[in-house]
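A.B. asks: Each chain, written out:
Protein chains: 2
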Amino acid sequence: MRYELYYWPTIQGRGEFVRLALEEAGADYVDVARMPARKGMGMPALLACLDGGAGGQPAFAPPLLKAGEALIGQTANILLFLGPRLGLAPRAEAGRLWAHQLQLTIADLLGEVHDTHHPVSVNLYYADQKKEARRRAGEFTGQRLAKFLDYFELVLANNPRRGGFLVGARLSYVDLSMFQMIAGLRYAFPNAMARLERDYPGLVGLHERVARRPNIAAYLASKRRLPFNDEDIFRRYPELDH
Amino acid sequence: MRYELYYWPTIQGRGEFVRLALEEAGADYVDVARMPARKGMGMPALLACLDGGAGGQPAFAPPLLKAGEALIGQTANILLFLGPRLGLAPRAEAGRLWAHQLQLTIADLLGEVHDTHHPVSVNLYYADQKKEARRRAGEFTGQRLAKFLDYFELVLANNPRRGGFLVGARLSYVDLSMFQMIAGLRYAFPNAMARLERDYPGLVGLHERVARRPNIAAYLASKRRLPFNDEDIFRRYPELDH
Numbered sequence: 002m003r004y005e006l007y008y009w010p011t012i013q014g015r016g017e018f019v020r021l022a023l024e025e026a027g028a029d030y031v032d033v034a035r036m037p038a039r040k041g042m043g044m045p046a047l048l049a050c051l052d053g054g055a056g057g058q059p060a061f062a063p064p065l066l067k068a069g070e071a072l073i074g075q076t077a078n079i080l081l082f083l084g085p086r087l088g089l090a091p092r093a094e095a096g097r098l099w100a101h102q103l104q105l106t107i108a109d110l111l112g113e114v115h116d117t118h119h120p121v122s123v124n125l126y127y128a129d130q131k132k133e134a135r136r137r138a139g140e141f142t143g144q145r146l147a148k149f150l151d152y153f154e155l156v157l158a159n160n161p162r163r164g165g166f167l168v169g170a171r172l173s174y175v176d177l178s179m180f181q182m183i184a185g186l187r188y189a190f191p192n193a194m195a196r197l198e199r200d201y202p203g204l205v206g207l208h209e210r211v212a213r214r215p216n217i218a219a220y221l222a223s224k225r226r227l228p229f230n231d232e233d234i235f236r237r238y239p240e241l242d243h
Numbered sequence: 002m003r004y005e006l007y008y009w010p011t012i013q014g015r016g017e018f019v020r021l022a023l024e025e026a027g028a029d030y031v032d033v034a035r036m037p038a039r040k041g042m043g044m045p046a047l048l049a050c051l052d053g054g055a056g057g058q059p060a061f062a063p064p065l066l067k068a069g070e071a072l073i074g075q076t077a078n079i080l081l082f083l084g085p086r087l088g089l090a091p092r093a094e095a096g097r098l099w100a101h102q103l104q105l106t107i108a109d110l111l112g113e114v115h116d117t118h119h120p121v122s123v124n125l126y127y128a129d130q131k132k133e134a135r136r137r138a139g140e141f142t143g144q145r146l147a148k149f150l151d152y153f154e155l156v157l158a159n160n161p162r163r164g165g166f167l168v169g170a171r172l173s174y175v176d177l178s179m180f181q182m183i184a185g186l187r188y189a190f191p192n193a194m195a196r197l198e199r200d201y202p203g204l205v206g207l208h209e210r211v212a213r214r215p216n217i218a219a220y221l222a223s224k225r226r227l228p229f230n231d232e233d234i235f236r237r238y239p240e241l242d243h
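Order-wise, the sequence lines are chains A and B. First residue of the first sequence: 2, per this note's numbering; consecutive thereafter. First residue of the second sequence: 2, per this note's numbering; consecutive thereafter.
Quick caveat, the hints were computed from the structure, so don't treat them as lab data. Treat the hints loosely; a few may be bogus.
One copy or two, either will do: identical chains are not told apart, so a pair holds if it fits within one copy or between any two.
[Stated by the list, open to error] Restricting the straight-line Cα-Cα distance to at most 30 Å, the calculated cross-link-like pairs of lysine-lysine (DSSO-like) are: (1) K224 / K67; (2) K148 / K67; (3) K132 / K148; (4) K148 / K131; (5) K40 / K67; (6) K224 / K40.
All figures in this text were calculated on a predicted structure; none of them were measured in a lab.
Please put together the full structure from these sequences, using the hints given.
C.D. replies: What follows is the structure in structure tokens.
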């Protein structure tokens with residue numbers, strides 16, 4: 002099965018959570034919008050895919066995953082689909098639902114990260130909402146971030162299975178997503194993270210172990226891993242990092 | 002199977018999307034936090050449930066659903082679980098994923114509704130973020146809301162099966178959730194909705210058909226349906242409605 006990922010070609014964004022799962026599993030996939038338009042890919046293919054194609058199922062936003070006949074939108078939904086197929090989720094329904102619950106909570110945290118620099122509207126530039134951003138980011142680094150990290154550290158500590166994973170005894174896509182969150186938070190909020198990290202040894206250790214996995218390490222060192230940048234969800238604006 | 006719903010007892014909130022599914026299906030359920038604490042229910046039971054109990058699986062926030070041994074958090078995840086069991090989702094995986102994709106997009110819209118009155122932080126009162134709220138709500142009623150409604154109207158129009166449902170040929174939990182969105186938007190933004198609604202005959206018709214379903218009509222007329230109120234996600238603040 003060759004998977005096709007459709008996502009913005011210049012940012013990690015939400016697509017990165019899917020890329021990490023595909024890379025860890027060594028799956029055969031194409032990052033379609035990053036391939037040439039003259040080969041029928043690139044941005045035109047992404048935009049056509051959003052329209053839903055023959056199936057008549059339009060998507061509100063990327064990422065999208067094509068897998069044979071299936072066309073799936075919403076990041077967590079894509080991971081719900083891929084998890085068992087890539088060996089990155091529990092087989093039993095209870096475990097799959099628990100992994101998905103955690104992934105949706107990671108998505109909530111990611112949404113709050115996004116809104117630190119876009120508290121008024123995605124349709125306005127950051128420069129046009131800097132004042133509101135400063136206030137929202139202060140609440141985020143001062144309150145909300147620790148509330149989420151407390152929660153995920155507790156999930157790790159409560160996991161009755163050894164291994165230091167969030168779900169069960171084996172690596173899941175949730176661990177890969179948590180790696181991405183820690184990496185992104187460190188990029189965007191180096192000061193806040195330097196202050197907070199000592200309270201989250203479990204999550205910091207998880208980030209390190211994921212980064213050292215051979216397929217992930219190779220991916221991170223490759224050109225396939227786009228660099229963090231300030232058009233992305235995680236942005237390094239020093240005025241928002243306290 | 003008697004389901005137990007754990008949600009804040011005085012608001013519709015995110016729990017309402019679960020209540021509507023249980024009510025439409027005529028399921029046996031208890032809305033635990035609205036029952037007396039002296040019977041082992043009420044708020045103490047909700048708070049204990051958030052901690053995760055014996056399974057060691059804490060939840061970040063309600064709603065939670067208990068179904069036998071299963072304890073499931075995140076609204077869309079609960080509906081993913083309940084859908085096939087209540088006859089409110091397609092049986093095949095492709096249909097279930099498509100329904101879930103739409104439900105997650107409804108959750109995105111609901112999050113944007115929430116942030117119209119809480120653009121800075123959930124930890125601050127509305128009165129302490131009124132200025133930012135006015136600006137964010139203006140972007141919401143002026144831009145974002147129509148973008149979402151355009152999308153869902155298109156999904157309805159694109160559905161190749163007759164019946165006027167969002168997914169396939171039968172009512173699903175996605176239709177019930179869209180009913181709740183339209184009802185809530187009308188409560189919170191009567192002026193904006195009066196201006197916009199004519200462009201969405203499909204969604205307006207869907208809302209009407211859901212409201213007339215016998216089990217839903219009986220529920221809406223009962224005391225089990227909490228009234229909209231301004232501690233909830235949908236709030237009627239005239240200064241935010243343009």
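A.B. asks: For each hint, tell me whether it holds in the structure or not.
C.D. replies: Each hint tested on the structure:
In the homo-oligomer, the alpha carbons of K224 and K67 lie at most 30 Å apart inside one protomer (23 Å), although the nearest pairing across protomers, at 45 Å, exceeds that limit. In this homomeric assembly, K148 and K67 come within 30 Å of each other (Cα to Cα) only across copies, at 24 Å, whereas the closest approach inside a single copy is 35 Å. Proximity of K132 to K148 under the C-alpha cut-off of 30 Å is found in both arrangements, the shortest distances being 24 Å within a copy and 26 Å between copies. For a Cα distance limit of 30 Å, the shortest separation of K148 from K131 qualifies both inside one copy, at 24 Å, and across copies, at 24 Å.
Only within a single protomer do K40 and K67 lie at most 30 Å apart by alpha-carbon distance; the minimum there is 17 Å, versus 50 Å between protomers. For the homomeric pair K224 and K40, the shortest alpha-carbon distance inside one copy (20 Å) is at most 30 Å, but the shortest distance between copies (60 Å) is not.
Checked against the numbered hints given earlier, the structure satisfies every one of them.
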